[in-house]
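Student: Line order of the protein sequences matches chains A and B.
Residues 1 to 313, numbered by the numbering used here, are exactly what the first sequence covers, in order.
Residues 314 to 648, numbered by the numbering used here, are exactly what the second sequence covers, in order.
Read the hints as simulated data drawn from the structure, not as lab findings.
Each hint should be verified, as a subset may be incorrect.
Unchecked claim - A few chain B positions that, by computed beta-carbon distances, are all more than 10 Å from chain A:
id	residue
1	E315
2	N321
3	T329
4	H433
5	K438
6	G470
7	I584
8	Q594
Said to hold, decoys possible - Computed spacing ranges between beta-carbons, pair by pair:
id	chain 1	residue 1	chain 2	residue 2	range
9	B	P388	A	D210	41 to 49 Å
10	B	E381	A	I310	44 to 52 Å
11	A	N296	B	A440	30 to 38 Å
12	B	T329	A	I301	40 to 48 Å
13	A	F145	B	G470	16 to 24 Å
Unchecked claim - Calculated from the model, a selection of chain B residues having no Cβ within reach of chain A, i.e. all distances over 12 Å:
id	residue
14	E411
15	T421
16	Q505
17	A615
Ideal Cβ placement from N, Cα and C applies to all residues, glycine included.
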Amino acid sequence: MIALIVRRAIQLVFLLLGISFLVFSSMFIAPGDPATMVGGPTATESDLVAIRDNLGLNDPFLVQYGRYLGNAVQGDFGYSYQSKQSVSEAIAVRFPNTLKLAIASMIVAIIIGIIAGLISALKHNSWLDVTSTTVALAGISIPNFWLGAILILVFSVNLQWLPVAGLSDPFYTWEGIKQLILPAITLGTGSAAMIARMTRSSILEVVKADYVRTARAKGVKEKNVIWIHTLKNAMIPVITVIGLNFGALLGGTIITEKVFAINGVGRLMIDAIAMRDFPMVQASVLLVATLFVVVNLIVDIVYTMIDPRINYS
Amino acid sequence: METLLEVNNLVTEFRTADGNVQAVRDVSFSVAKGETLCIVGESGCGKSITSLSVIGLLPSNGSITSGEVKYEGKPIHNLPFEQMRKMRGTKISMIFQEPMTALNPVLTVGYQLREPLILHHKISKSAANKQGIELLKQVGIPYPEKRINQYPHELSGGMRQRVMIAIALACSPGLLIADEPTTALDVTIQAQILDLINELKEKLNMGVMMITHDMGVVAEVADRVMVMYAGKKVEEGTVSEIFENPKHPYTIGLLNSVPNVDDPDFELEPIPGSMPSLTEQISGCRFNPRCKFATDICREIAPPEFSTKEGHIVSCWLHEKVEEEVKHGHLTAQI
């Protein structure tokens with residue numbers, strides 16, 4: 001297990017190098033001049049030249065990239081062209097919100113998805129199954145900006161049970177939890193639906209397995225046939241889906257953060273792209289990529305815990 | 314010998330999109346304590362479904378529609394689910410064809426072995442573990458203390474089948490159903506597993522119902538043989554009767570389709586045609602479309618079961634003629 005983590009950590013370094021290079025070069029190629037962003041609309045041509053010199057924008061690409069890397073290794077991702085704020089600080093303020101949102105959504109998705117999938121599979125072809133699969137289909141199809149708006153309308157505006165927007169209170173307070181509910185449902189619904197469908201089909205597949213028949217031939221109680229002999233095996237593909245969905249969910253935070261006016265990395269990233277705020281874009285993309293890799297590492301570790309046949313050494 | 318299992322006029326049907334189909338048609342047989350009955354036939358002849366009917370593990374769309382299954386004289390085919398569950402593992406156990414897939418890949422050998430012991434004998438985990446190690450020793454697994462903590466993928470196919478046998482025998486059942494237990498194994502391992510089953514049968518005085526399509530296996534282990542074709546029993550007798558004095562053309566066909574390495578002139582003689590599908594309507598004897606002796610009566614009326622000798626039953630209108638042909642060497646049953 002430790003060897004796996006160490007190996008992945010080394011891989012992560014190379015991966016981040018690759019990603020940083022890609023992001024840096026795409027920003028380099030992209031049209032638009034950062035100097036005009038920094039200088040603002042009133043900057044004269046000589047101001048712009050000075051800014052370019054100051055930021056090193058006239059240097060060759062590799063020199064710029066090397067400088068960026070050198071600073072990044074020391075934790076310095078530069079300053080935002082737009083707000084002049086330190087990128088590291090800007091992200092540090094917003095990242096907890098995004099993380100909170102992503103984790104809460106994933107919890108919602110896993111709980112709803114697995115329970116719905118389980119009920120569907122155990123009551124195969126019953127009205128419960130039909131209802132659950134139909135709702136899951138709807139869950140996958142509904143775009144989350146629409147769902148978010150509808151949830152706000154119903155629960156915040158009409159019923160006034162939950163706050164309309166924001167995520168400022170700590171998650172362990174009642175207010176903090178109330179603020180998380182709607183965004184987590186909005187963001188988690190799609191994943192919940194995917195997990196439910198995967199859980200259902202995986203269980204239906206596993207209950208037909210020879211070893212489940214063996215368990216029955218031993219006289220094992222039906223309850224244990226499902227909980228012990230079926231579920232653990234059925235969870236293997238579900239874990240894969242959960243891991244992949246976490247990535248999609250990180251992408252999804254951008255929209256959800258917009259809808260619920262949450263001050264998160266997703267919004268920061270979108271705004272930075274729109275404003276050609278290169279340092280901000282680079283740092284946020286690197287962060288999201290790191291998160292994605294870490295989630296995949298966790299998925300791999302969970303695999304080894306569930307399935308003894310998987311051995312990464 | 315004391316009768317252990319008695320199956321009378323068993324009919325097992327499946328609900329399918331094409332309506333109900335009969336997979337087992339009016340089959341009767343019995344197994345005595347300490348006896349091995351081999352059920353032989355081609356794939357799809359209903360032999361596995363017969364065994365699943367006995368142990369009550371038919372797929373959800375299958376059910377016994379008539380006939381009865383008795384264990385030690387008591388009917389078990391209509392037992393409530395919970396009572397039948399308690400019988401499985403304790404009275405009737407089963408081992409399956411594929412040792413590779415029959416063990417749960419995410420649970421240790423020990424867990425799977427302890428499970429029936431803890432469940433049926435209500436003993437502690439440590440006591441079950443001790444007993445489990447004993448069982449592994451009994452089925453000839455070296456280093457049982459180590460093996461018990463391993464997962465199935467860490468064992469070879471032969472070892473896994475031994476583990477399956479250990480699990481099946483954990484609660485000393487009276488009847489062991491073995492559904493092609495050696496088909497997926499190497500030939501050398503096959504012999505070992507068959508010897509093991511034989512040895513344990515004698516030691517525990519178990520009845521064994523062995524499902525196979527391999528006449529070599531039959532010769533090795535059977536006391537009595539039941540030949541099935543398209544859901545029907547076509548012939549039943551002691552192993553020597555079936556091999557030396559087969560009376561049903563299908564049995565002869567089966568024997569002739571086994572290679573004989575001792576005889577250089579031996580030529581394999583396949584049975585022409587293929588097994589009818591379950592839904593196919595065949596009037597008269599179900600084997601008649603493939604039978605070279607078939608006459609009008611065979612095509613019109615299904616033959617009853619003729620008892621020719623003590624325990625030798627054949628379901629063929631022409632069994633006397635076939636017997637004559639075999640005697641005069643026109644038709645040879647060679648193995």
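Student: With reference to the structure, classify each hint as holding or not holding.
Tutor: Here is how each hint holds up against the structure:
At roughly 24 Å from the closest C-beta of chain A, the C-beta of E315 of chain B stays outside 10 Å, upholding its exclusion from the interface. N321 of chain B, annotated as away from the interface, keeps every beta carbon of chain A farther than 10 Å; the closest lies near 23 Å. At roughly 16 Å from the closest C-beta of chain A, the C-beta of T329 of chain B stays outside 10 Å, upholding its exclusion from the interface. A beta-carbon of chain A is positioned within 10 Å of the beta-carbon of H433 of chain B; the least distance is around 6 Å.
The beta carbon of K438 of chain B is kept farther than 10 Å from every beta carbon of chain A, the shortest such distance being approximately 14 Å. Every CB of chain A is more than 10 Å from the CB of G470 of chain B (nearest about 14 Å), matching its label as outside the interface. At roughly 29 Å from the closest C-beta of chain A, the C-beta of I584 of chain B stays outside 10 Å, upholding its exclusion from the interface. The claim that Q594 of chain B lies off the interface holds: its Cβ sits roughly 30 Å from the closest Cβ of chain A, which is beyond the 10 Å cut-off.
Between P388 of chain B and D210 of chain A the Cβ separation comes to about 29 Å, which falls outside the hinted range of 41 to 49 Å. In this structure the supplied range 44 to 52 Å holds for E381 of chain B paired with I310 of chain A, their Cβ-Cβ distance being about 48 Å. Checked against the hint of 30 to 38 Å, the pair N296 of chain A and A440 of chain B fails, with Cβ atoms roughly 43 Å apart. About 45 Å separates the C-beta atoms of T329 of chain B and I301 of chain A, a value consistent with the hinted range of 40 to 48 Å.
A hinted range of 16 to 24 Å for the beta carbons of F145 of chain A and G470 of chain B is inconsistent with their spacing of about 55 Å. Its beta-carbon lying about 6 Å from the closest one in chain A, E411 of chain B breaks the requirement of being farther than 12 Å from that chain. Listed as a non-interface residue, T421 of chain B fails to keep its Cβ farther than 12 Å from every Cβ of chain A; the least gap is roughly 8 Å. Even its closest Cβ contact with chain A, about 21 Å, leaves Q505 of chain B beyond 12 Å, as expected for a residue assigned away from the interface.
The beta carbon of A615 of chain B sits about 33 Å from the closest Cβ of chain A, which is more than 12 Å, so the claim that it is off the interface holds.
Of the numbered hints stated above, those contradicted by the structure are hints 4, 9, 11, 13, 14 and 15, listed in ascending order.
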